[in-house]
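Residue numbers (my numbering), protein chains in the order written: chain S, 165 to 699; chain F, 165 to 699.
Hints may contain errors.
Just so you know, same-sequence chains aren't split out, so a pair can sit in one copy or run between any two.
[Said to hold, decoys possible] Straight-line C-alpha distance at most 30 Å; calculated DSS-like pairs for lysine-lysine:
#1 K222 / K687
#2 K638 / K682
#3 K590 / K173
#4 K173 / K557
#5 K452 / K687
#6 K590 / K446
#7 K590 / K638
#8 K473 / K452
#9 K627 / K222
#10 K226 / K638
#11 K446 / K627
Please keep in mind that the hints were generated in silico from the structure rather than gathered at the bench.
Letter by letter, the chains look like this.
There are 2 protein chains.
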Amino acid sequence: MIGGMQDWKLRITHLIDYAAREHGPREIVTRWADGRIDRTNWAGVALEAKKLSQALVKLGCKTGDRIGTIAMNHHRHLSAWYGAIGFGGVIHTINVRLFDEDLTYIINHAEDKVILYDAQFQPLIDRLRPHLKTVEHYICFDRDDGYPALLAPEDGDYEWADGDERDPCMLCYTSGTTGHPKGVLYQHRSHMLHALTEVGPAGFDLSCQAALLPIVPMFHAASWGLPFAGAAAGVKFVFSATNEAPVLHQLMLDEGITHSAGVPTVWLAMFQHLDAQIAAGKEAGLGKLRLVTIGGTAAPRMMIERLMKQGIRVGHAWGMTETSPIGTMGSPTWNWDDLTLDEQIEIVAKQGRVPFGVELRVVDDNGNALPRDGTSSGSLHVRGPWVIKRYFKAEADATGEDQWFDTGDVAVIHPDGTMQITDRAKDVIKSGGEWISSAELENAAVGTPGVALAAAIGVYHPKWDERPILLAVKSPGASVTEADVMDYLASRVAKWWLPDEIHFVDSLPQTGTGKVQKAELRKSYRDYQLKSLAQ
Amino acid sequence: MIGGMQDWKLRITHLIDYAAREHGPREIVTRWADGRIDRTNWAGVALEAKKLSQALVKLGCKTGDRIGTIAMNHHRHLSAWYGAIGFGGVIHTINVRLFDEDLTYIINHAEDKVILYDAQFQPLIDRLRPHLKTVEHYICFDRDDGYPALLAPEDGDYEWADGDERDPCMLCYTSGTTGHPKGVLYQHRSHMLHALTEVGPAGFDLSCQAALLPIVPMFHAASWGLPFAGAAAGVKFVFSATNEAPVLHQLMLDEGITHSAGVPTVWLAMFQHLDAQIAAGKEAGLGKLRLVTIGGTAAPRMMIERLMKQGIRVGHAWGMTETSPIGTMGSPTWNWDDLTLDEQIEIVAKQGRVPFGVELRVVDDNGNALPRDGTSSGSLHVRGPWVIKRYFKAEADATGEDQWFDTGDVAVIHPDGTMQITDRAKDVIKSGGEWISSAELENAAVGTPGVALAAAIGVYHPKWDERPILLAVKSPGASVTEADVMDYLASRVAKWWLPDEIHFVDSLPQTGTGKVQKAELRKSYRDYQLKSLAQ
Chain S
165 MIGGMQDWKL RITHLIDYAA REHGPREIVT RWADGRIDRT NWAGVALEAK KLSQALVKLG
225 CKTGDRIGTI AMNHHRHLSA WYGAIGFGGV IHTINVRLFD EDLTYIINHA EDKVILYDAQ
285 FQPLIDRLRP HLKTVEHYIC FDRDDGYPAL LAPEDGDYEW ADGDERDPCM LCYTSGTTGH
345 PKGVLYQHRS HMLHALTEVG PAGFDLSCQA ALLPIVPMFH AASWGLPFAG AAAGVKFVFS
405 ATNEAPVLHQ LMLDEGITHS AGVPTVWLAM FQHLDAQIAA GKEAGLGKLR LVTIGGTAAP
465 RMMIERLMKQ GIRVGHAWGM TETSPIGTMG SPTWNWDDLT LDEQIEIVAK QGRVPFGVEL
525 RVVDDNGNAL PRDGTSSGSL HVRGPWVIKR YFKAEADATG EDQWFDTGDV AVIHPDGTMQ
585 ITDRAKDVIK SGGEWISSAE LENAAVGTPG VALAAAIGVY HPKWDERPIL LAVKSPGASV
645 TEADVMDYLA SRVAKWWLPD EIHFVDSLPQ TGTGKVQKAE LRKSYRDYQL KSLAQ
Chain F
165 MIGGMQDWKL RITHLIDYAA REHGPREIVT RWADGRIDRT NWAGVALEAK KLSQALVKLG
225 CKTGDRIGTI AMNHHRHLSA WYGAIGFGGV IHTINVRLFD EDLTYIINHA EDKVILYDAQ
285 FQPLIDRLRP HLKTVEHYIC FDRDDGYPAL LAPEDGDYEW ADGDERDPCM LCYTSGTTGH
345 PKGVLYQHRS HMLHALTEVG PAGFDLSCQA ALLPIVPMFH AASWGLPFAG AAAGVKFVFS
405 ATNEAPVLHQ LMLDEGITHS AGVPTVWLAM FQHLDAQIAA GKEAGLGKLR LVTIGGTAAP
465 RMMIERLMKQ GIRVGHAWGM TETSPIGTMG SPTWNWDDLT LDEQIEIVAK QGRVPFGVEL
525 RVVDDNGNAL PRDGTSSGSL HVRGPWVIKR YFKAEADATG EDQWFDTGDV AVIHPDGTMQ
585 ITDRAKDVIK SGGEWISSAE LENAAVGTPG VALAAAIGVY HPKWDERPIL LAVKSPGASV
645 TEADVMDYLA SRVAKWWLPD EIHFVDSLPQ TGTGKVQKAE LRKSYRDYQL KSLAQ
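Could you put together the complete structure from these sequences and hints?
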């Protein structure tokens, strides 16, 4: 049919062009680890990105080449994202918290041609370098002879590389608890649609009025897409190269932060800091902060409650590297204003609803879709424009029929579409044909005063197949007892969920990213005999 | 490169699927002209849309066929949009306010196969019918033997037609002041990207918390995209089949309307109604209304001020049928909270800034881009993913180099990107090599107490080429004089802009959509001799 609308590709470079053109003077602030503050703006970041594209082309980089970064959050890292994508390359953000062997595997698997890194990671670079097979250039962000010297000869008079909107633009590896890390290769198109969705009021609610402090690192799950969504909205970005609570708190106050996003642990640390401030009679408010997005792992109810009681909207998000990462986001329901604070907290404590684009379902062990009734628990499947199809270099698709991707999570979906994670599929405890959520047991257990960390695992039982035991780590100096924990749990979980035994341990095995290694624990307790079964 | 993200087409049917699945019970309310209220919801609208797709296929409709509507705003009209698109067709919303000859031309040019219409337009249908060459079926929305009877045999068990995301989905004709109306053929992809952008907080700020009363008719410029954006956000829609101010006011209060959108005239009528309510000691508040978007033509400053003083955010938008229609939208600037109300109103009175996706420029008569300095006035060009490339059935593109589309407006762009329309290009008055904005003169003139309508045109002057004269219509019973108008203008426009003469007239020629026909006026005054030049 003759007629129609203009050609315009969903290319990431449109985002930085827009931010530079329409929000050029909007500030981009970096607080370095040593306390120095750098101030630039979207126009400055765009110029630096263009210079980097020019420099990378001169270094011999070609379309599709991977540019790795081992770096914290700062404006040079932001310009590197756009500069690496801008010449037609793929930005590969590397998770600095992984073990050396994982990092070596990842960089060799990605075939990174260039690595951009922070000076603080020089020892890491020195250790890895002998094992890296494809890296031709190592460039330090914050040394004068590094990034600044690389960009100095360039003038920024550069036209972004053209290409298809389904070309890759970014590569992130999952940090699974078992097996080799796997690469997720994002496309210009998928990241663009993801960013547009994040901007909405039911998402991160971003406009040029927002001053956004992303506490989620730029090396974690595409930094939740914020560097892209922030450009589409023209936000003020404030980056901190360290995540110490006192630093973040001061930045919130000094820079008028309105929006922040991070995993639960950073907020726990923030609360401790604020309590110390209160005790010392110092400033303990959170300034203009009005929206906090929490994801990565489930946020405890008390965290949500404390923030909401300060008048801050809390968005609880769920996702994974394979979903770009936004799968669901919490946002006020249509009848929000008619709910009590308790009811609101109850909703926020769940994982939220899908934004337009994403679809969820839960299925039973035979792959049959279960009803969205809030009680039918099953494997959580997801699909949509920013959900993985195939891992980088994999020989087969990661999805099943109709593109459904099995997340490895166990969840229920409530009638209104709110999703609630109940456990990781492999961590679920199967007792008498029913499922006990190890995650829910643990979340409840860490509410006991004096319990710092807890892990629930299933051990063999001749009658019930499995019964839960709880391994707990005490807070320093705490005198909590097994009976205290059991009492605390008794009113919070079903009676048959109560662990058969509670063991206090000095520590629990964790991965490089701080996840408890349940697989290790299960291995250690494989032949464990419950005391109640002892003859 | 092996790896990547899922296939997912930007097809409009995803929107109604999402709304039905995730916001199924969210209400869709219709207030018919006779006062009856119908209540359905997104699930209900989606079901009706599927039934319509089934029925249209049975009527012999094929992919790409145009389905015309001659109808006001109501939920059946909404379901008809999705149902006409759903089987692979093109919804063609017909502007009921046009003259018969234009309507006949449009429907024949569009080759509509089916016409869905409201019973109140039966006389119009009867007049047009003998002249319509392609229409095979006429179906009345609100007669039992019409739409309800058509859908009754269907079960809604229908899978939307698949296709390319660049397939057409909608056709709207421009109502230009000269020449034949021209068709703009929107695509699934262009409308989807437009909708995603509108949802954002700098746009219509839509979430499932919104209760949206679109006063803009569904037959006007794709109803500003709201039927699509509203589905992406899961809003509660409230439709009114009439635009009488008392009806709209009551709906706002009864239905908890938070968002509304319409042209300036509806707000003028609303203010008159509210003043009458105040005088009668009745309810004159606007309930929960918090965001009003005004577009179609420039909103007078006093309108913006009155709404903002009631605590309502006003978004002043600019666009045209050829831009889907959003070109710019007003939204708070980053430093909004530091501005006085007067400064804020000053910003809102301009036409706003581009959302991500749209680009603007102003060019001089030689096509050279002018600086964004707030003073350089030139022809306004626009481009982007939802801007027209070629009119329906046209033999050449509507755009110039690099896809720029000349809007026919004259504008300045301020350094922060805010765009300000100064006039329609063909209405600008060229005096002594400088441009006088007829629109600004008229806007100022209608502020004079007693002036209901005004039109400024240029007439021949031997020294200055053109000089402005002002034609004004008095409000009923007003005793305003030429001197009153001149005095009022003196403090509001540059001295050399003051019209050489002011003539009171009984009426001004208008198009079917209420635009003053400047071309007619210019023709009438082509040989007019200014009194100052008389011998």
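Copy assignment of K226 with K638, given that the CA separation must stay at most 30 Å: Close neither inside one copy (53 Å) nor across copies (70 Å); limit 30 Å.
field: Copy assignment of K452 with K687, given that the CA separation must stay at most 30 Å
entry: neither (48 Å within a copy, 59 Å between copies)
query: Taking 30 Å as the upper bound on the Cα-Cα distance, should K590 and K173 be classified as within, between, both, or neither?
result: Neither way: K590 and K173 sit 41 Å apart in one copy and 33 Å across, limit 30 Å.
message: At most 30 Å between CA atoms: does that hold for K590 and K446 within a copy, between copies, both, or neither?
response: Cα proximity of K590 and K446: none, with 45 Å in one copy and 64 Å across.
- request: Give the relationship of K473 and K452 under a CA distance limit of 30 Å: within one copy only, between copies only, both, or neither.
  value: For K473 and K452, both the intra-copy (14 Å) and inter-copy (24 Å) Cα distances are at most 30 Å.
query: At most 30 Å between C-alpha atoms: does K627 with K222 qualify within a copy, between copies, both, or neither?
result: neither (68 Å within a copy, 61 Å between copies)
query: Taking 30 Å as the upper bound on the Cα-Cα distance, should K638 and K682 be classified as within, between, both, or neither?
result: Intra 18 Å, inter 82 Å, cutoff 30 Å: intra-copy only.
message: Cα distance capped at 30 Å. Does K446 pair with K627 within a copy, between copies, both, or neither?
response: neither (57 Å within a copy, 74 Å between copies)
30 Å Cα threshold - placement of K638 relative to K590: This pair counts as within: shortest intra-copy Cα distance 26 Å, inter-copy 79 Å.
- prompt: How would you label the pair K173, K557 (within, between, both, or neither) given a Cα cut-off of 30 Å?
  reply: both (25 Å within a copy, 24 Å between copies)
- prompt: Under a CA distance limit of 30 Å, which applies to K222 and K687: within one copy, between copies, both, or neither?
  reply: Neither. Shortest intra-copy (51 Å) and inter-copy (63 Å) distances fail the 30 Å Cα cut-off.
The structure does not agree with the numbered hints 1, 3, 5, 6, 9, 10 and 11 stated previously, though it agrees with the rest.
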